[in-house]
Amino acid sequence: MAYSDIVMDHFKNPRNVGEIPDADGLGEVGNPVCGDMMSVYIKVEGDRLTDVKFKTFGCGAAIAVSSMITEMAKGKTLDEAMKISNKDVAQALGGLPPNKLHCSNLGADALHSAIKNYLDRKAGKVPREDVEKEPHHKPKLEGCYCPYCEKKVAEEAPFCLFCGTEIPHEHDH
Amino acid sequence: MALIYLDHQSATPLHPQVKEAMINYMETVFGNPSSDHQVGHPAAEALARARSQVAALINAQPQEIVFTSGGTEANNTALKGVAIGLREKGRHIITSNIEHKSVLNALRTLRLLDYQVTSLDVDNYGLVDPGAVEKAIQPGTILISIMLANNEIGTREPIADIAKIAQKRKIIMHTDAVAAVGVMPVDVQQLGVNLLSLAANQFYGPQGVGALYVRRRTPVWPLLDGGVQENKRRAGTENMLGIVGLGAAAAEAQAEMPEQLPRLQALKERLAHGLLAGIPEIRINGHPTQCLPNLLSVSVEYIEGESLMLMLDDEGIIVATRSACASGSLRASHVLIGTGLDFATAQGTLVFTLGWENTEADIDRVLTVMPGVVQTLRNMSPLYKKEHTG
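Heads up: the protein sequence lines correspond to chains A and B, in order.
Using my numbering, count along the first sequence one by one with no gaps and you end on 173.
Using my numbering, count along the second sequence one by one with no gaps and you end on 1390.
Bear in mind the hints are in silico, worked out from the structure with no lab data behind them.
It cannot be assumed that every hint is accurate.
Here are the computed distance ranges between Cβ atoms for each label pair [to be verified]: (1) B:1265 - A:157: 34 to 42 Å; (2) B:1372 - A:46: 38 to 46 Å; (3) A:95 - B:1048: 46 to 54 Å; (4) B:1041 - A:95: 52 to 60 Å; (5) A:158 - B:1359: 37 to 45 Å; (6) B:1125 - A:152: 29 to 37 Å; (7) B:1019 - A:85: 50 to 58 Å; (8) B:1011 - A:22: 47 to 55 Å; (9) B:1032 - A:85: 43 to 51 Å; (10) A:152 - B:1101: 15 to 23 Å.
Glycine included, C-beta positions come from ideal geometry on N, C-alpha and C.
Bound-form chain B, shown alone:
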């Protein structure tokens, strides 16, 4: 039985072209891109090519791309880098309650260093209100960091509107776009942000490599100190193999997106409608339209997500769960709770993230298998009995 892989948020397979580019690089180049001799030059050329490829994907200039070890480092660099860079100007930062942990915990560290953080609530769809952002601005506000699209519920935040406010008030605007870049069009000029984080493993590139877009003249102090690599923003000899893979993945994503985006959107709708029609008492989380085209978050009443995930796994269907038990934290997802979901319902949440290799037949198989699995678990659940016998 072929696996049906619906967890592209956690990892994507390498695109064949990406794999080829990486193997080719591995076999032909080993020089240090900083070395100004004939062994170093091919590495420097590959680095420049990857930088252009990533810049093209988000409509940036190549010199505005800083390669990092992934989305987490990009987010940490943006937040801590601006906090240090503008420490004489102010010590207040605005964010939302549903950010990725690499943002939330970077801000935890900044709080320890006497920065103040305002964390905004979201509505039931997970949307941040630009008006609330504006109200939260203080004289000492130096940075606003709101994600472009949420990685658990898919909701897309009104970043262009918030960035306009930031620009007007001369505040640096960062967006964590890790869940969006490579999946949907992302244009830093249209968004009007100063900083944007992305990661290769979200769009068929290798794990452990990403980038931070740094608009010119944005005061970002390096997180890692050392040499003058990456325009003095990120020291250390470059992860060339990863960077070559990221560049190739960016080029492929840009080429294939016009065809893939509507296809993924249609598959997601097929899945959502099929689940709603086939299983009573479930809910779709996130915004109905302002949402990632490939992500569907579903909460199933009366059962717990990990047991559902394991039973689907046994059927060859691979999904992610947001139940506290499986995520290694005792608490239910801060994102789901942030949208007002109760704890028990949040525990029964699955996240489906579709990818370029998924087909209609895959979705139909999920729609065939899942109702029975849900009923088996509901029949085992003391909560289901209580609700259904009064």
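Same shape as in the complex, but just chain A:
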């Protein structure tokens, strides 16, 4: 099993699953094409997060990340919550497999998006009912490109045939 015990615990017993019907802010990141999609709902009193809930479409890591971010954010001030990074979430989970750090570790992004949504609503930029959606990940250019010389390379090529540089696995960063 590549997942830590903390990840498996949050995956099997996720905290704060669900929606907040009268949420003050909603953040949505990811999309099913990438494999993971998270919605984070927040309730705010003063400058403090009094409730945080989530719904997630995704792998075990994505669900554990969502559960962890709700626990980390609850009771924090907005400023404190904005300082939580995706890396902090991964650390709190006892680490994530390298190939999950990229696509599944969207919890802090979703939380920050929800807080921005709340602030925008407060500033009158967004009608309360309206849900601000983070743009989906930009669709990648069809095919895979060498990060060094930018020539098109085969998806599973071990190194770039044009410049000779080793190509890191898509998930290894």
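Keeping the supplied structure of chain A fixed, place chain B upon it in accordance with the hints.
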């Protein structure tokens, strides 16, 4: 709680007879089959026996069997070997979009060496159209490679029909039969192919050993150069322990298939019908009848496959997923997308592959556990809510 293992596509347990044959060999023989002395002779005899056993399973002649390190090497040898062997005749190869990566990536290498590859689309069931193969033939076409049965959706391709076209046009025909050999009857004479790949770990043999069937006079240049082993088609001292295991597994598969094939087919139908009856908004992938008897691919709407696989794992039910996340690639399965499935649905796909130790009780346990697990994940999914509240 005993595990219910439904991922025989990834690995099969060793058949007890296979294990016995391997242990017996390990304890009694160590010679090199190429050595013409009394220590080498028992090894040469074991090699010949295994070759006959594998040949018998697919109705070939023993001298047409080339042992390899598995299905991947067999596929690479077939494609690159023919490309080199016929390089003066032509440089065009025809394949399909849903082949195993060992075929797709071997052809990637050949493209780099200025071979041209036509990769054919499949229909929604994953079927290749023999008419489309015929249309794709060019004057320089040297090889057609289409799999016998797909390892992700189970669809069986019309290989005999395609091989007839190949034969008529004097083109070499290869089929990757790794998912089929040992599971269903495979007969190289009926299929009419020149080359066929198989692997032992699909039918209760050891991992790391397989074979390429090479019909006589097929121009296959070796992938590995060296000595004259394997009829000069594959150099290097033989993996004798693996080969003995493969031979024993072939013999057992041939003996047990008449009883096991209908049994597996019935278990698969029980699983398919039970899932369709018990879980709304799922779909069965692949062809409804032209399909492997032991493989069921199911896509579950609104949820992602890896989380489903992990929850079933926690219940002692072992299955495979085709979600991009778990397979280590960012993209959804090229096979599922090739059949026209959308990305989100493809992400929620499980592959059940049944084996000889599975029982009706195993299937019923899956049917009891899976609806609840699916509902738990759907209740967590933002996609499910959207679809179900309008």
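Going down the list of hints, with the structure as the test:
1. Between residue 1265 of chain B and residue 157 of chain A the beta carbon distance is about 40 Å. The supplied range of 34 to 42 Å therefore holds.
2. In this structure the supplied range 38 to 46 Å holds for residue 1372 of chain B paired with residue 46 of chain A, their Cβ-Cβ distance being about 41 Å.
3. Between residue 95 of chain A and residue 1048 of chain B the C-beta distance comes to about 52 Å, which sits within the given range of 46 to 54 Å.
4. Taking the beta carbon of each, residue 1041 of chain B and residue 95 of chain A are about 55 Å apart, inside 52 to 60 Å as hinted.
5. Judged by the Cβ atoms, the range 37 to 45 Å given for residue 158 of chain A and residue 1359 of chain B holds: they are separated by roughly 43 Å.
6. Between residue 1125 of chain B and residue 152 of chain A the C-beta distance comes to about 32 Å, which sits within the given range of 29 to 37 Å.
7. Between residue 1019 of chain B and residue 85 of chain A the C-beta distance comes to about 51 Å, which sits within the given range of 50 to 58 Å.
8. Distance hint for residue 1011 of chain B and residue 22 of chain A: a CB-CB separation of about 51 Å, consistent with the stated range 47 to 55 Å.
9. Checked against the hint of 43 to 51 Å, the pair residue 1032 of chain B and residue 85 of chain A fails, with Cβ atoms roughly 59 Å apart.
10. Between residue 152 of chain A and residue 1101 of chain B the Cβ separation comes to about 19 Å, which falls inside the hinted range of 15 to 23 Å.
Of the numbered hints given earlier, the model fails hint 9 alone.
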